[in-house]
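Which chain is which? The protein sequence lines are A and B, in order. Just so we're aligned: the first sequence equals residues 1 to 320 in our numbering. Just so we're aligned: the second sequence equals residues 1 to 158 in our numbering.
Don't read these hints as lab results, they were simulated from the structure. One or more hints might be untrue.
Computed Cβ-Cβ distance ranges for the label pairs, DEER-style [unchecked claim]: (1) Glu271(A) x Arg109(B): 48 to 56 angstroms; (2) Ala251(A) x Arg95(B): 23 to 31 angstroms; (3) Lys232(A) x Leu4(B): 44 to 52 angstroms; (4) Phe49(B) x Gly115(A): 31 to 39 angstroms; (5) Arg79(B) x Asn116(A): 33 to 41 angstroms; (6) Tyr230(A) x Glu88(B): 37 to 45 angstroms; (7) Gly42(A) x Arg79(B): 27 to 35 angstroms; (8) Phe49(B) x Glu70(A): 27 to 35 angstroms; (9) His117(A) x Ala25(B): 38 to 46 angstroms; (10) Gly42(A) x Glu88(B): 44 to 52 angstroms; (11) Glu233(A) x Glu88(B): 49 to 57 angstroms; (12) Gly146(A) x Leu93(B): 17 to 25 angstroms; (13) Glu249(A) x Arg95(B): 29 to 37 angstroms; (14) Arg196(A) x Arg89(B): 23 to 31 angstroms.
Glycine included, C-beta positions come from ideal geometry on N, C-alpha and C.
Listed below, chain by chain, are the residues.
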Amino acid sequence: MISGSRLERLLREGKFVVCGEMSPPQGADKASILKKCEYFRGFVDAVNLTDNQTAIVRMSSVMSSVFALEGGVEPIMQMTCRDRNRLAQQSDILGAYAAGVRNILCLTGDYQSFGNHPDAKAVFDLDSIQLINMVSGMNSGRFLSGEEMKSPPAMFIGGAANPFGEPFEMRIIRLGKKIRAGAHFIQTQPVFDLPRFQKWMSAVRDEGYDKQVYILAGVMPVRSVKALLYMKEEVPGVRIADEYIKRMESAQDPKEEGVAMCVEIMKQLMEIPGVSGIHIMPVMWESITPRLVEEAGLLPRPEPAPLEDPAKTEVSESAL
Amino acid sequence: MSKLSERIAAFTERHPTLYKCFLLAENAFKKPVFRCQDCGQCVLSYNAFTCCMRCPKQLRNGPCGGTREDGHCEVYPDRHCIWWLIYERSKKLGRVSKLQKYHIPVDRRLEHTSAWMNMFAGRILPLDLGSKFDEAKEAKKDEAVAAIRKQNPKPPIK
Chain A
1 MISGSRLERL LREGKFVVCG EMSPPQGADK ASILKKCEYF RGFVDAVNLT
51 DNQTAIVRMS SVMSSVFALE GGVEPIMQMT CRDRNRLAQQ SDILGAYAAG
101 VRNILCLTGD YQSFGNHPDA KAVFDLDSIQ LINMVSGMNS GRFLSGEEMK
151 SPPAMFIGGA ANPFGEPFEM RIIRLGKKIR AGAHFIQTQP VFDLPRFQKW
201 MSAVRDEGYD KQVYILAGVM PVRSVKALLY MKEEVPGVRI ADEYIKRMES
251 AQDPKEEGVA MCVEIMKQLM EIPGVSGIHI MPVMWESITP RLVEEAGLLP
301 RPEPAPLEDP AKTEVSESAL
Chain B
1 MSKLSERIAA FTERHPTLYK CFLLAENAFK KPVFRCQDCG QCVLSYNAFT
51 CCMRCPKQLR NGPCGGTRED GHCEVYPDRH CIWWLIYERS KKLGRVSKLQ
101 KYHIPVDRRL EHTSAWMNMF AGRILPLDLG SKFDEAKEAK KDEAVAAIRK
151 QNPKPPIK
């Protein structure tokens, strides 16, 4: 056991986990985070708090994660490399851990030209793999500089993987690097192309990576065919099978069809060996999460066993 | 690097004019040939001789999630993703296993300095560390992480 977070305990117990995702508000609005927490509390095991996703300024993921804790939801704090250098990243991690955040998702970050400040300076001091390695080092009591720290954090470290990006083989190499750098769990981009995801998973299993890291497959509920087409055309690295576009086009009630489609994908993903959980990304549609989890048959959410004696946790750590 | 190369580096760095001439010659070769971005810690030999610092995000450990289906960059759709090029060239040259190497964070102090002199002086990683990673693949994860830690270079003497 590393961080002892709810997410980590459930995964180590071999439970199938469900994660949600929440965008912090574009304003100094704490109440909206607490309100969104109600869509997740009891329905998912942990919630990602995005870090200025698509390079649009929002409340910081560190503070949003702290507010999510207040709202009774376990946060997975996202951290990108776009806006902070290695000093700021380390200091934010220390602060977040002190405030009770136990999970971190390390990302490279969308380029700022996609957002509302395209004129900003890109930092990219580290990349996502170096960030994972830095957090891993911090867990063992060292700053990136090599200096020792007195009260180290203990973060459950996540990374992202895109099974749909090109070149395919490079995606597996990069996943392997993330694991060696110290990642404990991996969240994937939303799946809209099952055959490709299955191909990726079988390559992951061939390398034995599914035994070294917990893989949480991403899904995204969509409300209209427009959203799906936007994703296909404008969001690089996303693959959408034509079958889903046709279904959304011909649907009488696109919202209902979107939910049905998402639940169907979730059920198919649950069957794939090596998948340890689902990560639901309801972009600006957080209120749909409880329904998705219920219809996929993933309710009630399990309660992890209470934290063990610290002396015993050494054994379970080496088991992974 | 050997003691001799360290002495060459030390000598060159003691003589600023010589160092500048050397840097000029190095850049005259590397900039047009590799579109070198002057990071001062060259990883060309791992990347099928394609400079990864041309990536808008300056990624050294592989492509971000945004490579398009046609292999183009998410930021500049009219250009190829650098990592797509690196992968294609590595495949052609039989160097895909070199892409397994984990590259530590860039030492920003070395930017705009001579990568060759930095290599001679032992300030950047010796070029044969990549093979260690394949062995570590089977080893326990914690040991692999410790191995990555050990690869941190000493701070350069300036």
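Hint check results:
no.: 1; hint: Glu271(A) x Arg109(B): 48 to 56 angstroms; verdict: 51 angstroms, holds
no.: 2; hint: Ala251(A) x Arg95(B): 23 to 31 angstroms; verdict: 48 angstroms, violated
no.: 3; hint: Lys232(A) x Leu4(B): 44 to 52 angstroms; verdict: 58 angstroms, violated
no.: 4; hint: Phe49(B) x Gly115(A): 31 to 39 angstroms; verdict: 34 angstroms, holds
no.: 5; hint: Arg79(B) x Asn116(A): 33 to 41 angstroms; verdict: 24 angstroms, violated
no.: 6; hint: Tyr230(A) x Glu88(B): 37 to 45 angstroms; verdict: 29 angstroms, violated
no.: 7; hint: Gly42(A) x Arg79(B): 27 to 35 angstroms; verdict: 47 angstroms, violated
no.: 8; hint: Phe49(B) x Glu70(A): 27 to 35 angstroms; verdict: 53 angstroms, violated
no.: 9; hint: His117(A) x Ala25(B): 38 to 46 angstroms; verdict: 40 angstroms, holds
no.: 10; hint: Gly42(A) x Glu88(B): 44 to 52 angstroms; verdict: 48 angstroms, holds
no.: 11; hint: Glu233(A) x Glu88(B): 49 to 57 angstroms; verdict: 25 angstroms, violated
no.: 12; hint: Gly146(A) x Leu93(B): 17 to 25 angstroms; verdict: 35 angstroms, violated
no.: 13; hint: Glu249(A) x Arg95(B): 29 to 37 angstroms; verdict: 45 angstroms, violated
no.: 14; hint: Arg196(A) x Arg89(B): 23 to 31 angstroms; verdict: 24 angstroms, holds
Violated hints, in rising order: 2, 3, 5, 6, 7, 8, 11, 12, 13; the structure is consistent with all others.
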